[in-house]
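Colleague: Position in the sequence shown (from 1) plus 1 gives the number in the numbering used here.
Quick caveat, the hints were computed from the structure, so don't treat them as lab data. Here a beta-carbon is modelled for each residue, glycine too, at the ideal position from N, C-alpha and C. Careful: at least some of the hints might be erroneous.
Unchecked claim - Pairwise CB distance ranges, derived in the manner of DEER restraints:
| # | residue 1 | residue 2 | range |
| --- | --- | --- | --- |
| 1 | SER149 | ALA236 | 37 to 47 Å |
| 2 | ASN11 | GLU191 | 20 to 30 Å |
| 3 | LYS75 | LYS199 | 14 to 24 Å |
| 4 | SER86 | ALA202 | 35 to 45 Å |
| 5 | THR87 | ASN135 | 22 to 32 Å |
| 6 | LEU51 | THR87 | 17 to 27 Å |
| 7 | GLY204 | GLU65 | 30 to 40 Å |
| 8 | GLU72 | ALA202 | 40 to 50 Å |
| 9 | LEU242 | HIS217 | 22 to 32 Å |
| 10 | GLN18 | LYS167 | 15 to 25 Å |
| 11 | LYS229 | PHE188 | 14 to 24 Å |
| 12 | LYS8 | ALA112 | 47 to 57 Å |
| 13 | GLU191 | LYS82 | 33 to 43 Å |
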Amino acid sequence: MHFLSKKEINLKEIIPQGYVDMHSHLLPNIDDGVKTVYQSAYIIEQFRNLGVKKIITTPHVMQEVWPNTSEIIKSKHQEMKRVLSTLDLDIILEASAEYMLDDLFYQRIKANDIIPLHEKYILVEMSTFSAPINLNELLFEIKLAGFSPILAHPERYSFYQDHMDKYIELKESGFLFQLNLLSISGFYGEKVKNKSLKLLAEGFYDFAGSDVHNYHQFEILEKGFLPKNAEKISALMKKNLSFN
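Could you build all of it, start to finish, from the sequences and the hints given here?
Modeller: And the structure:
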């Protein structure tokens, strides 16, 4: 690919054939993502138009805020699949969850009440302000249950941003890293953008995800990236093909 001759590379130009978006909030009225089936269907259609083959949408599961049960998520998923079938949209929609590493997650993992991502992964997140005190215990339980943890948007955790050694520790302990593509665009601010670029340059990321919650975020994502970053982003996105 020869991106450097262009001023900006839009997302459609770098999406690999068969791409799977593995982090989004597109089940309606279940968390801070889309609110209606119409919003969801429209954004999913736009992803399809970009060349996305499959979406694994991942609603929040978070104690006291969005304590979604597996049954609620599965029900919403089936509802959206019926809508997409009616609209004859040629895209696969699967559902997992983005689990906050909190007491509710501990209860769910102990009870084997988890909706895994592509059978063997669990997408997890932390508070943006501090890591859980029992992080090692939670990691142990994830591994004991036979899963590999994917840490969503590590570039966004303010308590790690100035400590590259902490990112190394997380990787060595068994966490896989998922880049939020919106981070590269600067959506969350310059500090997050700069950290995401550093982690990308040093090869920390294993997967990429949109983390799209609404159409405004989709529009920002669709605009794409600076040419100097496009090659590495495209290479990372190819790793998502393993979710097919």
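Colleague: For every hint, state whether the structure bears it out.
Modeller: Consistency of the hints with the structure:
1. A beta carbon spacing of about 21 Å between SER149 and ALA236 contradicts the range 37 to 47 Å that was offered as a hint.
2. For ASN11 paired with GLU191, a C-beta distance near 22 Å keeps the hint of 20 to 30 Å intact.
3. Against the hinted window of 14 to 24 Å, the Cβ-Cβ separation of LYS75 and LYS199 comes to about 38 Å, which falls outside the hint.
4. The hinted window of 35 to 45 Å between SER86 and ALA202 holds, with their beta carbons roughly 42 Å apart.
5. Distance hint for THR87 and ASN135: a CB-CB separation of about 45 Å, inconsistent with the stated range 22 to 32 Å.
6. Taken as a hint, the range 17 to 27 Å holds for the pair LEU51 and THR87, whose Cβ atoms sit roughly 22 Å apart.
7. Between GLY204 and GLU65 the beta carbons are some 37 Å apart, a value that agrees with the proposed interval 30 to 40 Å.
8. Between GLU72 and ALA202 the beta carbon distance is about 42 Å. The supplied range of 40 to 50 Å therefore holds.
9. Taking the beta carbon of each, LEU242 and HIS217 are about 28 Å apart, inside 22 to 32 Å as hinted.
10. GLN18 and LYS167 have their C-beta atoms about 36 Å apart, which leaves the hinted 15 to 25 Å range violated.
11. One distance hint, 14 to 24 Å for the beta-carbon pair LYS229 and PHE188, holds here, with the actual separation near 18 Å.
12. For LYS8 and ALA112, the Cβ-Cβ distance of about 52 Å falls inside the hinted range of 47 to 57 Å, so the restraint holds.
13. In this structure the supplied range 33 to 43 Å holds for GLU191 paired with LYS82, their Cβ-Cβ distance being about 39 Å.
Violated hints for the displayed structure, listed by number in ascending order: 1, 3, 5 and 10.
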